[in-house]
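J.: These are the residues of each chain, in order.
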Amino acid sequence: MATATHTLPHAHGAEQTGVWSWITTVDHKRIGILYGVSAFTLFIVGGIEALIMRMQLMGPNGTVVSAQTFNALFTMHGTTMIFMAIMPLGAGFFNYMVPLMIGARDVAFPRLNALSYWVFLFGALFINSSFLFGTPPDAGWFAYAPLSNRTGTTTHSVDFWILGLQILGVASMMAGVNFIVTILNMRAPGMTLMRMPVFVWMTLVVQFLVVLAFPIITVGLVFLMFDRLFGTNFYIPEAGGDPLLYQHLFWLFGHPEVYILILPAMGIVSEVLPTFSRKPLFGAEFVIFSGIAIGFLGFGVWSHHMFTTGLGPVADISFSFTTMMIAVPTAVKIFNWIATIWGGQLRFATPMLFALGFVFMFTIGGLSGFMHAVPAIDLQQQDTYFIVAHFHYVLFGGSILGLFAGIYYWYPKFMGRLMDERLGAIHFWFTLVGFNLTFFPMHFLGADGMPRRIYTYSTWDGWSFWNHIETIGAFAIAASQLIFLYNYITSRTRGKIAGSDPWDGATLEWATSSPPPEWDFDRIPPVTSSRPLFDQKYHGAPKAPPGRDDGIHIPPPSYWPIIVGLGITMIFGGAMTIPAHGPWVSLAGFFIFLAGTFGWVFQPGYGYAPGEH
Amino acid sequence: MSEKRAPLIGFLVVFIVLGILWIWYPFGTPGRDHIPLTTIYPLTENARETQGIYALVYWITLAVFLGVEGLLVYALFRFRRRGDETAPPEQTHGHTTLEVGWTLATVLLVLVMYVPSCQAIRFHQGKPPSANPLIIDVTGRQWFWEFYYPEFDLTTANEIVVPQGRTVLFNVTSTDVIHSLWFPAMGGKRDAVPGRTQPLWFTPTELGNYHGQCTEYCGSSHALMQMDITVRPQAEFDAWIAGQKAPADPASMAGFGMFAASGCIACHMTMQNDKTVLHMNGPNLMKVASRKRIAAGILENTPENLKLWIHDPQHVKPDAKMNVPAMQCTGPGQPDPCCRDVQIGNCLAPETVDQLVSYLEMLK
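Chains as they are written, first to last, in the numbering used here: chain A, 1 to 613; chain B, 1001 to 1364.
Don't take every hint at face value.
[Stated by the list, open to error] One side only, chain A facing chain B, incomplete, derived with CB under 10 Å:
#1 Thr41
#2 Pro329
#3 Gly344
#4 Leu594
Simulated from the structure, these hints should not be mistaken for lab results. Just so you know, these numbers come straight off a predicted model, no measurement behind them. Even glycine gets a Cβ: it sits at the ideal position worked out from N, Cα and C.
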């Protein structure tokens, strides 16, 4: 029988272990963990880059690193945190949680999912390998032309950046399509769109943003790559090109990217606050609609990054209007979160602390963002530390705190054990205090006229005091992450056994064991409301009958994704050797890609989990 | 089990401390004497216009901060679990009137700030208020500022003097990468984008010397690209112009030969400062001795610093386009720039450097 020949042995056996099982895995939960661990490692790399910068700026005339090194550090800090830490941490949650929350057994395209991860990992390694060649990218994380063009940078540093981002973009695009299809097609019976958890909704919005925004930066980077490697003149003003074209393309991507970074955290917080208040999310449909509105408006605000370039009064008046209007859905979300905890029975477990920290800090980031939505104010604040303060309140105080809330919240689902609450609280308070010590004074330094991206300043500038405080804060943040790591690792063996539903949750991921079986659910749970599990526990809604479905469909492991991923990386990465050495690396990559794809399509894409025999 | 109070106290303390800092800063921050680039104390109508809208936004956002975060902290105190609850709390799913209410309230608040913001845009980006502004063409360079006064056919670098009370109109551009021209005391900044020329104007009224710094990342020495604007009474300004336009001191001619022979002439002009010498590779040095600082505002203009700069520009200013190793190679393994940059092969003897410095010192 066909089934028998195509069923791989492990699908019937116990959980596979060992490196090979991770390399060949197509299980969304394992891929989620791979994303999470890789992204957190890169988060630490980006954090170390930040610490070196803070040491350099601790006092005037710092001598810790050279100007060139400092410039590479802030370029790679931004690039790493945005593309290789926060985005893939979000992807980790999408992977692990979305199928569980919608009652599915995997994502729509499990092997494509594995490919996304491997391409992301290779892309991250590719960009960071530039350090080994001594030419780390140093044109800033938005790499404005002409500084990033062939006239401004003659080494391969910017090539690593361009091609690395293209590789990471491929990974994001594939994941985007995969999750859109998964969310639209794989929901459990009864789970209408409006019954989906808000986290899944935010995931869906993010994937649309990814799919619509990444092609724009792809175009922008292709132009830049052609300018650099093949002598075109898209951004060369002497030849009639326009440097501002690059800025438009970059920020038309770059601003939706901001929402790609923050919406997953908003989704997590929208799950955590209700659970620990023992209430449903207040105005869930308004929160969802606000998320969609933010996604739409996010495409219409990009020029607020360019007020100082002199686009003229009409552009400034229009873009400041759209920018300010984003405050409306954002404020609606914040009001709904506060209304959610209003009247609840609040438990201050670690996930709740981080979620509350998110609401608290993100609000500050939103308010400072409003300040430079006013073009006149922006002309004073643009490219000063005020901006640095603002986006760290949004991306650290927002995204990172939200993602930590998610880690503490779902850790028992990943590991079957709870993380230590006392260490969790210590982690939270050190992070919150360190964060505010580091970034709140940056508002002051911005008002004091300190430009961002300067590797040194003099005693005469009067910026020493707050810089000193900030460096102390940065080390507090770093120290608290060590506490987190210790907690994360030791809780795997020493944590309290979680059971399937440690927090009294309302959504489907708590309806299966912790950790879930490879097939996620023995029986797909019935869904009759937006809080199916809560209704089962408190309102007597029907549960899935005991036992396990027969013939559960799960895909077999495959090593083809990693091979295809290697091919894709070589095709892109090899491009920078074309002018000097010819297209051989890319060509080799193309053949690896071809061979991998060939093996992929002829590998049977299905297997079965053990039934109830 | 009742919830512990510690987290509540923690959030309350963070809320109070941040609130106090937020309120304190604009009033407590030291003035321009201590922080030369401060944006808090505006000196022109443009900067005051900005400050006006900023004050409005500041108070509204502060009120929102206190209201929203205060409500959040209050909710934590009031609704923490007491441990004696027997059933889940009331399961409120939402309240449409409330939603519409706070949506409209936010829209209204936004409009309150949007309207004056548009007025400020009209003010800043409208025509300069004077029919006869002093025009200064600004070119950002890696890493110095070139200034050209078309009215006087005068080229200078890094330091400008303007008359009190007359509107200054800068035409800002660049010939290499993007820079940004910013004198915080005078108002907002304007990017110097190659291939485009863009206006920035203000009317300086307060006498004094004010600092500025490049604010768009422009490469290795972005941090070291600074400039100065000095506001003087009309008569002193006229005298300054006359001094800048005066021909070189004949006594200095003797040093010119050495300046030319050492290769400096390839990038720097010391005999002319009119429009025919615009956009040379290096800043115009015809009146360099009259400037307060050298190397784009980062060193006091003293003989020692000039020597330091000529001796090893790369050390003072990373990746500076000026590449003149100034010392004799004293032996293998010496860290002299001459030994380091062998490909240049243009070592200047120490006595040559001294002669160059004394020549430059004469260019008043």
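J.: State for each hint whether it applies.
T.: Against the structure, the hints come out as follows:
1. Thr41: violated, 28 Å
2. Pro329: holds, 8 Å
3. Gly344: holds, 5 Å
4. Leu594: violated, 40 Å
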